[in-house]
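Asker: In the working numbering, the protein residues as written are 1 to 159.
Since the hints were made in silico from the structure, they are not lab data. Note that the structure is a prediction, hence the values are computed from the model and not measured. Just so you know, even glycine gets a beta-carbon here, dropped at the ideal spot from N, CA and C. Check before you lean on any hint, since a few could be wrong.
As the list claims (entries may be wrong) - With a straight-line cut-off of 27 Å between C-alpha atoms, the simulated DSS-like cross-links for lysine-lysine are:
(1) K154 - K118
(2) K78 - K154
(3) K118 - K78
Unchecked claim - Simulated restraints on C-beta separations:
(4) D2 - T80: 34 to 44 Å
(5) A138 - Q96: 20 to 30 Å
(6) D26 - N82: 26 to 36 Å
(7) E89 - N149: 33 to 43 Å
(8) G135 - I47: 23 to 33 Å
(9) I3 - P81: 35 to 45 Å
(10) E157 - T110: 27 to 37 Å
(11) G50 - L22: 35 to 45 Å
(12) G50 - S134: 44 to 54 Å
(13) E156 - G50: 33 to 43 Å
(14) V51 - E157: 31 to 41 Å
(15) S134 - T49: 41 to 51 Å
(16) I145 - E89: 35 to 45 Å
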Amino acid sequence: MDIAFANPSETGFDFATDGIDLVVGDGLITMLIHALFRDARAPEDTIETGVDPRGHWASSLSNNAPEGSLLWLMQREKITPNMPYRVTETLEQACQFMIDDTQGDARNVTTVRAIAQKSSHRGRIEAQLNLHLSGTSAPRRFSLIYDTNTGRYKLEEIA
1 MDIAFANPSE TGFDFATDGI DLVVGDGLIT MLIHALFRDA RAPEDTIETG
51 VDPRGHWASS LSNNAPEGSL LWLMQREKIT PNMPYRVTET LEQACQFMID
101 DTQGDARNVT TVRAIAQKSS HRGRIEAQLN LHLSGTSAPR RFSLIYDTNT
151 GRYKLEEIA
């Protein structure tokens, strides 16, 4: 059982509450939030000397914990025709641990496929993430929107 997360301001996730009580959430969604929105440590060759490589302290607590993603490296970049492909790769890499995990909430994830595209809104990348689970014919689908102009992002499950 996991505590649910909410992102009402679209600038950061926090524990979801219903009045004064914490809300119980979906463990797979919690793992997805950690995988996508936790800053992974940048490889030395991708950042300038003296720039904080970030990374999350909790990543070292478990071998199958999400490392996070490198989406943060793209925050200040201009959206080029190549960026949707890079976002696709980054999303899939961040979720790879779910495929490798054989226990817990990710144990049934068999494949993760992302599709990213430049939005009609200037400065925005939109992506769809499909998590295929063993024993089900339809994947769990998620919409991810990142707006570089405002720094806001949204993750929602598509019904």
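Asker: Checking against the hints above, which ones are violated?
Answerer: Per hint list: 7, 8, 10, 16 violated.
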